[in-house]
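Protein sequences, first through last, are from chains R and Z.
For what it's worth, this note's numbering labels the leading residue of the first sequence as 1, then goes sequentially.
For what it's worth, this note's numbering labels the leading residue of the second sequence as 1, then goes sequentially.
There's no promise every hint is true.
Stated by the list, open to error - Simulated DEER-style distance windows between Cβ atoms: (1) Glu352(Z) with Gly48(R): 52 to 58 Å; (2) Pro7(Z) with Asp310(R): 46 to 52 Å; (3) Gln59(Z) with Ala209(R): 54 to 60 Å.
None of these hints come from the bench; they were simulated from the model.
Values in this document were obtained by computation on a predicted structure and should not be read as measured data.
All C-beta atoms in this analysis are idealised placements derived from N, C-alpha and C, irrespective of residue type, glycine included.
Number of protein chains: 2
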Amino acid sequence: MHFDIDPINDYLESNRERFLDEFRQLIAIPSVAAQKRGIHECADWVMGRLRQLGAEVQQFALPNDGSPVIVGEIGAGERVLLVYNHYDVQPEAPLDLWDSPPFELTRRDGKLFGRGTNDDKGELLARIQAVEAWRETYGELPLRIKFIFEGEEEIGSVNLPGWAESQQELLQGDGLLWEGGGYDEADRIIMAEGCKGIAYFELRCRGAAYDLHSSLAPMIVNPAWRLVWALNTMKDSQDRITVDGFIDHIRPMPQPTIDRIDALPFESERMRANFGLSQWLNAMEDETALRQYYLAPTMTICGLESGYTDAGTKTVLPAQAMAKIDCRLVPDLTPEIVQDLIRKHLDARGFEDIELVPLAGEHPAMDMQDSQVRRAAIAASQAVFGQDPVIVPWFAGSGPMYPLSTQLGIPVISAGATWHPGGRAHAPNENIFEEDYFAAIRFMAVLIDRFAAMK
Amino acid sequence: MHFDIDPINDYLESNRERFLDEFRQLIAIPSVAAQKRGIHECADWVMGRLRQLGAEVQQFALPNDGSPVIVGEIGAGERVLLVYNHYDVQPEAPLDLWDSPPFELTRRDGKLFGRGTNDDKGELLARIQAVEAWRETYGELPLRIKFIFEGEEEIGSVNLPGWAESQQELLQGDGLLWEGGGYDEADRIIMAEGCKGIAYFELRCRGAAYDLHSSLAPMIVNPAWRLVWALNTMKDSQDRITVDGFIDHIRPMPQPTIDRIDALPFESERMRANFGLSQWLNAMEDETALRQYYLAPTMTICGLESGYTDAGTKTVLPAQAMAKIDCRLVPDLTPEIVQDLIRKHLDARGFEDIELVPLAGEHPAMDMQDSQVRRAAIAASQAVFGQDPVIVPWFAGSGPMYPLSTQLGIPVISAGATWHPGGRAHAPNENIFEEDYFAAIRFMAVLIDRFAAMK
Numbered sequence: 001m002h003f004d005i006d007p008i009n010d011y012l013e014s015n016r017e018r019f020l021d022e023f024r025q026l027i028a029i030p031s032v033a034a035q036k037r038g039i040h041e042c043a044d045w046v047m048g049r050l051r052q053l054g055a056e057v058q059q060f061a062l063p064n065d066g067s068p069v070i071v072g073e074i075g076a077g078e079r080v081l082l083v084y085n086h087y088d089v090q091p092e093a094p095l096d097l098w099d100s101p102p103f104e105l106t107r108r109d110g111k112l113f114g115r116g117t118n119d120d121k122g123e124l125l126a127r128i129q130a131v132e133a134w135r136e137t138y139g140e141l142p143l144r145i146k147f148i149f150e151g152e153e154e155i156g157s158v159n160l161p162g163w164a165e166s167q168q169e170l171l172q173g174d175g176l177l178w179e180g181g182g183y184d185e186a187d188r189i190i191m192a193e194g195c196k197g198i199a200y201f202e203l204r205c206r207g208a209a210y211d212l213h214s215s216l217a218p219m220i221v222n223p224a225w226r227l228v229w230a231l232n233t234m235k236d237s238q239d240r241i242t243v244d245g246f247i248d249h250i251r252p253m254p255q256p257t258i259d260r261i262d263a264l265p266f267e268s269e270r271m272r273a274n275f276g277l278s279q280w281l282n283a284m285e286d287e288t289a290l291r292q293y294y295l296a297p298t299m300t301i302c303g304l305e306s307g308y309t310d311a312g313t314k315t316v317l318p319a320q321a322m323a324k325i326d327c328r329l330v331p332d333l334t335p336e337i338v339q340d341l342i343r344k345h346l347d348a349r350g351f352e353d354i355e356l357v358p359l360a361g362e363h364p365a366m367d368m369q370d371s372q373v374r375r376a377a378i379a380a381s382q383a384v385f386g387q388d389p390v391i392v393p394w395f396a397g398s399g400p401m402y403p404l405s406t407q408l409g410i411p412v413i414s415a416g417a418t419w420h421p422g423g424r425a426h427a428p429n430e431n432i433f434e435e436d437y438f439a440a441i442r443f444m445a446v447l448i449d450r451f452a453a454m455k
Numbered sequence: 001m002h003f004d005i006d007p008i009n010d011y012l013e014s015n016r017e018r019f020l021d022e023f024r025q026l027i028a029i030p031s032v033a034a035q036k037r038g039i040h041e042c043a044d045w046v047m048g049r050l051r052q053l054g055a056e057v058q059q060f061a062l063p064n065d066g067s068p069v070i071v072g073e074i075g076a077g078e079r080v081l082l083v084y085n086h087y088d089v090q091p092e093a094p095l096d097l098w099d100s101p102p103f104e105l106t107r108r109d110g111k112l113f114g115r116g117t118n119d120d121k122g123e124l125l126a127r128i129q130a131v132e133a134w135r136e137t138y139g140e141l142p143l144r145i146k147f148i149f150e151g152e153e154e155i156g157s158v159n160l161p162g163w164a165e166s167q168q169e170l171l172q173g174d175g176l177l178w179e180g181g182g183y184d185e186a187d188r189i190i191m192a193e194g195c196k197g198i199a200y201f202e203l204r205c206r207g208a209a210y211d212l213h214s215s216l217a218p219m220i221v222n223p224a225w226r227l228v229w230a231l232n233t234m235k236d237s238q239d240r241i242t243v244d245g246f247i248d249h250i251r252p253m254p255q256p257t258i259d260r261i262d263a264l265p266f267e268s269e270r271m272r273a274n275f276g277l278s279q280w281l282n283a284m285e286d287e288t289a290l291r292q293y294y295l296a297p298t299m300t301i302c303g304l305e306s307g308y309t310d311a312g313t314k315t316v317l318p319a320q321a322m323a324k325i326d327c328r329l330v331p332d333l334t335p336e337i338v339q340d341l342i343r344k345h346l347d348a349r350g351f352e353d354i355e356l357v358p359l360a361g362e363h364p365a366m367d368m369q370d371s372q373v374r375r376a377a378i379a380a381s382q383a384v385f386g387q388d389p390v391i392v393p394w395f396a397g398s399g400p401m402y403p404l405s406t407q408l409g410i411p412v413i414s415a416g417a418t419w420h421p422g423g424r425a426h427a428p429n430e431n432i433f434e435e436d437y438f439a440a441i442r443f444m445a446v447l448i449d450r451f452a453a454m455k
């Protein structure tokens, strides 16, 4: 009934080194959206690869010199599978913690290291190569695929919602395969039905016109202290968010969802060993940690900077202080609500002088339906990995899933990717297992077959 | 009775460009003690200049590859004037805020810009050149001078107290001329009888073994938040130090001292304009600000660092966070007391995980006696500037005055230097007025005469 995977496997063996060489080329382009580095070069590379595949390729310019969206269409038939990935990556800093150059694909201990291997260039390329393998082995695809590749995911997909709203016809489809998915600590296959939203902003405080000699401290405002005091009002030392009104916007989860989370496998010990931690936050039990992980919104200091930070002593009274903060959002929190609440909260406490600068925002997305794309992904997991996947309500990370799925009414699943617990996404020594890369290609090939056959 | 200043003035005019060229050479050596840059090169330059002057020069190595102390002796007679300055400077960062290269002496608008012009290479060299001018004009000095030049002042003179204790014979003298002193906003001459002490330390907090994806925040400790919460317990939002027991160690000042402070001229408006500030801390009145400036100990965040601090967004949960803090100390606070109190304070609040790393410490020093060196400095001020100086109980800055004066029983005065309100010590665009440089030379020459004549 279903197609035979063996010829695909043979094709992968014959083309293994070429496929890895393409991966090497893609990793070598430092497409850091936060710094507007290498974006157009990377977009060109991806378009070239899609054209080589035989796809019809369109490039969409975004406002404010944003990274272009690339759409590649290929295949035949009525049924349409949308595929979302992104070609931008996180900044590579701190450079000195990398064991090999971040933009040089490096094989070591069965792994492939490099910025973007894990998040998200490996997945993106594996899915293109899967289509090639299918077509070279079996001829034309039994469905149409629309690859939607953006280049601003790591800076919060600032322009994607507006673009999606203007492209509703192009974005019609029967299902959406999202990025993400992979393996947990016990090599179980993980998929997700949604993702948290995010509000990313800076808090900035200013004092004197320039850094002063610290002897002046008795009579001059210190923006670093003011930032500390302001932050302290936003989260208490038990890690509870204390911004006025914030928790009122959290939609209570239905008990079945909580039960499903409680039933999820959780390799607590191994995860903590990976992270070098002896316990979870506030020494919480595993069950609590797991519920929090999926259900809690966050308010994370991602960065702090003020004054002198090099080696040794410098006795300055800083002129400015800055905190970068991200809030991961669960329904019904939105970036707009969060920024508004924080502004009012700070003003009510005399911190009108602290500037809030929004940098990125995404709505949370959920899709708990028993959809065809979800069933196809389950079937592909059974075929490729010989196991039923674990399906989580959402990944605790964020992405622009809301404008491409929830808002357009398109069923979505995150599945078939190469994430693993030691993958160090967003950190130095980001990596995937080499064999997982080829498994992702096989998964995509089988998914095409299964989703095309769905009635 | 007193010597005639005119021949000295003539000598300065004839040698003006050579003196400035020497200043240029000294500024060009980036003797940043915090980074162990250029220290030995600078020490060699200073020793060469002292030998050229005709002084007997000794170099004292300090422990742990510390910057050497240089002692230069010159002159004749029983009476000994000790002269303290330092040849090290603060780091030049942030480089992009300098209008001219920090280690290139640059003339602009009647000022001399460069790191160390103000603090403390200008003073150091002016005093050497004053001795040259005297000797070339009048022959041998009427007293003996011992120049004590250290190279670790900007990192808290970590090794000087131990060295001073081992060199009590060498350090005998009838009076000690300290660094510092200069002009206030109304061009009044300012001198000081002491300086605050200092405790400089880092607070360091660690979380996971490496920066993590911020989606993990619901269950993993964030060292940046912990640092915020810990700091918040140390100082309240009214800028009051709340470390347990801290304020109990502040010795009440006698009313006459407070009266003297209240009577000090205070160019409040001009100072604030210089700093770009519309009001003092907590909108305090001028009288309060002035009292605080002299009498209050401080606890200043000099630097904060955690996670991602470059442009744009990076969604990381930081693995570590760090604050650099200096406390300016009034009697009877000492660095040891402060570190001990903070350690206990943090432990009592569950912050045992926050490491306290002492980087530098100095005791406060006071000398309110009517000493001969003080009277000589007043006389020199009258002669050179035609005005009585304003004598403050101490500078709000710190220095190793305690081991060289208080502990050895040697009267001390800070006087005759080139500080001015826009001098930007420790900051970008550090500068002095060119004419103040030559005034400092004249002051030193007259001080030699007046102090030698004291009975």
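Hint-by-hint comparison with the structure:
1. Between Glu352(Z) and Gly48(R) the beta carbons are some 56 Å apart, a value that agrees with the proposed interval 52 to 58 Å.
2. Separated by about 48 Å at the C-beta atoms, Pro7(Z) and Asp310(R) satisfy the suggested range of 46 to 52 Å.
3. Judged by the Cβ atoms, the range 54 to 60 Å given for Gln59(Z) and Ala209(R) is violated: they are separated by roughly 41 Å.
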